[in-house]
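Asker: Chains as they are written, first to last, in our numbering: chain A, 1 to 331; chain B, 1001 to 1225.
A portion of the hints provided could be inaccurate.
To be verified - Here are the computed distance ranges between Cβ atoms for each label pair:
| id | chain 1 | residue 1 | chain 2 | residue 2 | range |
| --- | --- | --- | --- | --- | --- |
| 1 | A | Glu33 | B | Val1154 | 55 to 61 Å |
| 2 | A | Asp183 | B | Arg1106 | 22 to 28 Å |
| 3 | A | Gly202 | B | Arg1035 | 34 to 40 Å |
| 4 | A | Glu15 | B | Ala1192 | 47 to 53 Å |
| 5 | B | Asp1031 | A | Leu71 | 41 to 47 Å |
| 6 | B | Gly1037 | A | Gly220 | 25 to 31 Å |
| 7 | B | Asp1091 | A | Pro91 | 54 to 60 Å |
| 8 | B | Glu1190 | A | Gly202 | 27 to 33 Å |
| 9 | B | Ala1117 | A | Asp183 | 35 to 41 Å |
| 10 | B | Val1051 | A | Gly219 | 26 to 32 Å |
| 11 | A | Pro6 | B | Leu1166 | 29 to 35 Å |
| 12 | A | Asn104 | B | Lys1155 | 35 to 41 Å |
Simulated from the structure, these hints should not be mistaken for laboratory data. Since we're looking at a predicted model, the values are computed, not measured. C-beta atoms are modelled at their ideal positions from N, C-alpha and C, and glycine is treated no differently.
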Amino acid sequence: MIHPTPPGTRDILPEEMRELRALEASLRGAFDEHGYGEVSTPTIEYAEALRRGDERYANAAYRFFDERGELLAMRSDMTIPIARLVSTRMPDVEPPIRLSYIANAFRAVNPQRGQMREFTQAGVELLGAPAPDGTAEVIEVLSAALDAAGLTRAVVGLGDADLYRQLLGELGVPDEAGERILDRLATHDLVGLELAVDDVEGLAAEARATLLALPAMRGGPEVLDHATELGGQAVKRATGRMRATYESLAARGVADRVQLDLGLLRDLGYYTGAILEVYDPALGHILGGGGRYDGLLGRFGRELPAVGFALYVERLHVAQAEEERAGAEVR
Amino acid sequence: MPRVVEATRAREGGPLKLALPRGALWPETLDALDRIGVDTTELRSDSRALVFESGGLSLVTMRPSDVPTYVEAGAADLGITGKDVLLEQPDRIVYEVLDLRYGGCRMVLAGREGDTALDEDERRLGGMRIATKYPRVAERHFEETGRRAEVIEVKGSVELAPLSGLADGIVDLVATGRTLAENGLEVREEIATSTARLIANRVSHKLRAAEVDELVERLRPEGIR
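Throw the hints in and build the complete structure from the sequences for me.
Answerer: Quick look at the structure:
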């Protein structure tokens, strides 16, 4: 008899489970070693609590009523639950606070493309440590976690979430046109970006060139110089922030792992400043991401600068298998 | 002579893998490759092979609508396909890096010549009956223009639908308009325009940045930027 599970969910059998547990143990080891204590939060939360962190939770995929008629929702990541936890359960704990988690989260993705609706995230949150050192510390932990998982070729992309918003403001681009430009960037549509930029009335030629050149700038520290040459205060401030983080990374010996990327724009609403993405050459999908969210904890009543990352555990596992295969071909 | 090779999934090192669309965009895609010095002799032959190596690239050939699938998964680093395909698959996460400017056509709403059935549908039945190979584009168009339509997905010749009474109109891609005219159909609304696009895998765009950018610059049509 066949009894299916809902779309995007699955059972895990012992052979895979053993490998996943081993992977999680190595990640947990890296988090532990850097002093990040593991926490757990409920799978279901009050929808209102999640929405306080991110308006888009108003449309969360999995919402339902409990027996008292309260609206509940399933978390789609751990960042907002941890922001709630820190302000509610740890109001007097002296910052910086270092927390880690390995937990399941839920999103209504299209499950036909190997993406699951229930998936496991492993990550850390560092609360009360501002940029640039807080950011660099978290990237160092991320680097150690990737090494612990055996993904020594994985690369961390580092961008700046505020760059375009500030640049569009500085250039006086009207809100509506600006939102269209940000949407094209977030959906990686560089052809549409050019059309959206050309639609802005009265934009100077240099401003147009800057808006079109920045998304392609990615690489080593030299891209910060190239970007700064484009001019403007917003670009200067963003490259200044990125340079400070990069220097802190260099001092920690993990700068080689990082690709500076002025084209990064993650679509999660709460990011401010640094944003991260993780790539491995053996896999076509990103392995995880993160960044700073200095405004998020304030929404829960405890103003603390914060930064974190989350890795998709199942994708790390696929990348491990692909790396093993690639290694076998070389030998 | 270009060598016929087997595909591997290895991404690092080795040539960039470029997914090419067989179909309407095929001849101009080969011309574009010729212009950047890629030998397309083997591709132009009657070969049944699907994978070729030429001009420092690994070339994999497929249906245009499969190109975003391969590129999103990283089975190809880059790909060429029509904007119509990308519009129909909006949740694919790929970089759309370049408008190649060829393969120009329009996505239109068409009905029978001189026929008022579409308007009548709206007035009396509250929505049009539309047949299309692009259900998501069609649904989005009616939603954005504040109308309702019963969208019927078909796989083959869409012009048959209004002729046989399956639907009163179609949403389809039109290049010259000849097929429409030959079937007694006329354009009622233009929904979007489409040309060939170069797309890139999200990870390849980052980890093979220099090679990807170099290929983009070589393929960039003259006189643009």
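Asker: Does each hint hold? Answer for all of them.
Answerer: Now the hints, each set against the structure:
1. A:Glu33 x B:Val1154: 55 to 61 Å: holds (59 Å)
2. A:Asp183 x B:Arg1106: 22 to 28 Å: Given range 22 to 28 Å: holds, Cβ gap about 23 Å.
3. A:Gly202 x B:Arg1035: 34 to 40 Å: Holds - the Cβ-Cβ distance for A:Gly202 and B:Arg1035, about 36 Å, lies within 34 to 40 Å.
4. A:Glu15 x B:Ala1192: 47 to 53 Å: holds (48 Å)
5. B:Asp1031 x A:Leu71: 41 to 47 Å: violated (58 Å)
6. B:Gly1037 x A:Gly220: 25 to 31 Å: holds (29 Å)
7. B:Asp1091 x A:Pro91: 54 to 60 Å: For A:Pro91 against B:Asp1091, whose Cβ atoms are near 41 Å apart, the range 54 to 60 Å is violated.
8. B:Glu1190 x A:Gly202: 27 to 33 Å: With Cβ atoms ~28 Å apart, the hint holds.
9. B:Ala1117 x A:Asp183: 35 to 41 Å: Holds: the Cβ-Cβ distance is about 37 Å, inside 35 to 41 Å.
10. B:Val1051 x A:Gly219: 26 to 32 Å: The hint (26 to 32 Å, Cβ to Cβ) holds, given that B:Val1051 and A:Gly219 are roughly 30 Å apart.
11. A:Pro6 x B:Leu1166: 29 to 35 Å: holds (34 Å)
12. A:Asn104 x B:Lys1155: 35 to 41 Å: Holds, since A:Asn104 and B:Lys1155 (Cβ atoms, about 38 Å apart) stay within the stated range.
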